[in-house]
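These protein sequences, in sequence, are chains A and B.
Under my numbering, think of the first position of the first sequence as 1, with each following residue one higher.
Under my numbering, think of the first position of the second sequence as 1, with each following residue one higher.
Source of the hints: derived by calculation from the structure; they are not laboratory data.
Remember, it's a predicted structure, so these values are computed and weren't measured experimentally.
One or more hints might be untrue.
Among chain A residues calculated to face chain B with C-beta under 8 Å, some are [what the hints assert, rightly or not]: (1) E219; (2) D223; (3) E227; (4) V229; (5) V367; (6) L369.
Ideal Cβ positions, reconstructed from N, Cα and C, are used throughout, including at glycine.
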Amino acid sequence: MPGENSRKHSLITILKESLLCIIILTLATLSGYAFKVLSLTEADIIMLYIIAVLVISIITSNMLYCLISSVVCVVIFNFFFTYPDFSLSAYDAGYPVTFVTMFITAFIAGSLANKLKRNIKIAEQNAKEKEAAALLAQNEQMRANMLRSISHDLRTPLTSISGNASTLISGGSTLDEAAKQQIYNDIYSESMWLIGLVENLLYATRIENGRIQLNLSVEILDDIVREAVKHIQRSHPKRRIAVDICDDIIPVTADANLIVQVIINLIDNAVKYSEDDTTVFVSVKKDKDAAVVSVADSGAGIPQTEKEKVFEMFYTGVSRSSDSRRSLGLGLSLCKSIIDSHGGTIAVSDNTPKGTVVSFTLPLGEVELNE
Amino acid sequence: MNEYLVLVVEDDKPIRNLITTTLKMNDYRYITASRGHEAIMLSASHKPDMIVLDLGLPDIDGVEVIGQIRTWSEVPIIIVSARSEDQDKISALDKGADDYLTKPFSVDELLARLRVIQRRLGKTENASVTEFVNERLRIDYVSGCVYLDEKELHLTPIEYKLICLLAKNVGKVLTHKYIIQTIWGSNAENSEASLRVFMATLRKKLGDSEQQLIQTHIGIGYRMMKL
Chain A
1 MPGENSRKHS LITILKESLL CIIILTLATL SGYAFKVLSL TEADIIMLYI IAVLVISIIT
61 SNMLYCLISS VVCVVIFNFF FTYPDFSLSA YDAGYPVTFV TMFITAFIAG SLANKLKRNI
121 KIAEQNAKEK EAAALLAQNE QMRANMLRSI SHDLRTPLTS ISGNASTLIS GGSTLDEAAK
181 QQIYNDIYSE SMWLIGLVEN LLYATRIENG RIQLNLSVEI LDDIVREAVK HIQRSHPKRR
241 IAVDICDDII PVTADANLIV QVIINLIDNA VKYSEDDTTV FVSVKKDKDA AVVSVADSGA
301 GIPQTEKEKV FEMFYTGVSR SSDSRRSLGL GLSLCKSIID SHGGTIAVSD NTPKGTVVSF
361 TLPLGEVELN E
Chain B
1 MNEYLVLVVE DDKPIRNLIT TTLKMNDYRY ITASRGHEAI MLSASHKPDM IVLDLGLPDI
61 DGVEVIGQIR TWSEVPIIIV SARSEDQDKI SALDKGADDY LTKPFSVDEL LARLRVIQRR
121 LGKTENASVT EFVNERLRID YVSGCVYLDE KELHLTPIEY KLICLLAKNV GKVLTHKYII
181 QTIWGSNAEN SEASLRVFMA TLRKKLGDSE QQLIQTHIGI GYRMMKL
C-alpha cells in the first residue's frame, strides 16, 4: 500500500528529526554547564541556545521544530541556569524580559536560516528543471530536424515510384520493352532505397538523450558480420565484398541487431562511394581489450577537412551533382550513436593507395561454458 | 504443374497479390485466406503442403493459428512478420512454425524459403532412423559418430547433441530457447552465450565458416540447411 508506506515514512522522519532536536538541545545544555563552571556569563549561555536553534532550523524540514525548540530553550535555560537552579521560577525581575528576548531572537534567527535553506533548495530545483527542459528541447529539435530531412528524402523516391507506376498504368502499351525495363529498374531501386531508410529510422527512434537503448547480450562477432554481409549481398548481388575473419572466435557484448545495422550502413556507404568493379573489404580482428571491425573501399576517399563532419546528422558530403546516388545522411551519425552507446569508438581514415577505411571497436564479451 | 499446394494467409491485399502472383509464376498451386479462422478451416479441408502465414491477422493472433493447426498437422508453416515483432517471431517458431520472412521481403527470398521446405518434404520420407546424410555430412546415430567427407570428426558431447538436434530438424529454424532447453534443460543459466560459442566451434570443425550448412539467425536461433 503506497499510502501506508508514505505515512510510515513521514512518521519515521518526524521521529528522527525530533530525536535530533533533543540531542542538539542536550549538547547545548551540557556546554552551558561547562560555561557555568568556567563562570562565563548568562549571555554566553543564551548565545549557545540561539546557535542550537539555528542548527535545528537548518537540519529539520519543518518550521515547527524551530518554534518548539525556541520555547524549549527558554524553559531549559530558566530551569537550569537562572536562580534558583532546577526550578521554573525566577526571582530576578529582569528575567521575563530576558526570556522573551531570548525566545524572539532564537525564533527569528531560526526562521531566517530555514528560509535561506528553502530558497537554496528551490534554486537547485529550478536549475534542474531548466536543464531538463533544455535537454528536452534539444531532443525535440533533433527529432524535428530528422523528420524534416526524412520527409524531404522520402518525397523524391516516392515521386519516382508513383510517377513511374502511373506511366505504366496509363501508357504501358505504347512503351517499348527497353523503356519499360528502365522503369521497372527505377521503381525497384527507389523502393530498395526506401527500405534502407526505414530500417535506419526504426533504430533512430530508439535514440533517447543522444544515446540508444541497448538489448545487450554476448554474441559472436563472426555471426554479426556474416549477417550484415548477407544482407548487403541481397541488395548488391554483383558487388565483390571480401570478408577477412580471423581464426579466433571473438565474443562481444553487443546489441546484435544494431551492430548488424552499423555494418550494413558502412558497407552500403563503401559500395556507393566506390566504383562498381572494385572490391569492398570487411575485416575483423581482436585487439588487446576490444574487437575491431573495419570496412575499406577504394573510392575517391574523404578529404581531411570533411572527416570530422561525416558523423554529423544529415551530413551527405560536399555538394555533389544532383543526379549522384543519394546516401542516407542519417547513416553514419546513427552508427556513431550506436557505437558510442556500446562504449566503443568509430573513426575514418585513408585507405592505401586510395579510398576510405571506417573502423569501429566493441568491448569483448565473457562467456562461461556450460559443458 | 508444381505438385505443391500452398495456403497463403495474409489480410493485406497487395501483399497477398504479390505472394500469389509469385506462386503462380513459379507453378505452385495456391489457396488464400485473409483471416485466422478461415485459415484453420482451409488447412483442415484442403490439406495444403505448406502454409505462408502473416502474424498480424484481424481476427485472431497468427501464433494461435499455428497452435491450432499443430494440434493435428505437421504441415510446414512459414510466418511473415514486420521487423519490430522479433519476440512474436520467436514465440511463433516455438509454437511450431518452421521458418520466417521479415517484411519487406523480396520475391526471391520467398521462393528460396519454399524450396527449403520442398527439399525437406521430398527427402525426409525415405530417411532412415539410424543414419543422417546431408551432402558431405554423415551422422551415424548407432555408433554416435559424425563424418565429414567420410572422415570422422571429433566432437564434444555437447557438440554431438547440437548437431543431432539440428539434423533431426533439418530445414527448420530452432530458437535459442528451444535448443537450450533440449540440450541443457530448463534451468541452465547464461547458456545463450555459451550456445553461441559451442555453435561457433562446431561450425569450425565442420569447415562451415560461410554458414552454408548451419545458418545463424541473429536474435532468433539456428537452422541446418538441407544441402
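V367 of chain A as chain B interface residue, shortest Cβ-Cβ below 8 Å:
holds, 5 Å
Hint validation: E219 of chain A versus chain B, beta carbon distance must be below 8 Å. Holds or violated?
holds, 6 Å
Chain B contact restraint for V229 of chain A - C-beta distance below 8 Å:
Hint violated; V229 of chain A Cβ to chain B Cβ min 10 Å, cut 8 Å.
Holds or violated: L369 of chain A as interface residue toward chain B, Cβ cutoff 8 Å?
holds, 5 Å
Residue hint D223 of chain A, partner chain B, criterion CB-CB below 8 Å
With Cβ-Cβ at 4 Å, under 8 Å, it holds.
Does the interface hint hold: is E227 of chain A within less than 8 Å of chain B, judged Cβ to Cβ?
holds, 5 Å
When each numbered hint is compared with the structure, a violation occurs for hint 4 only.
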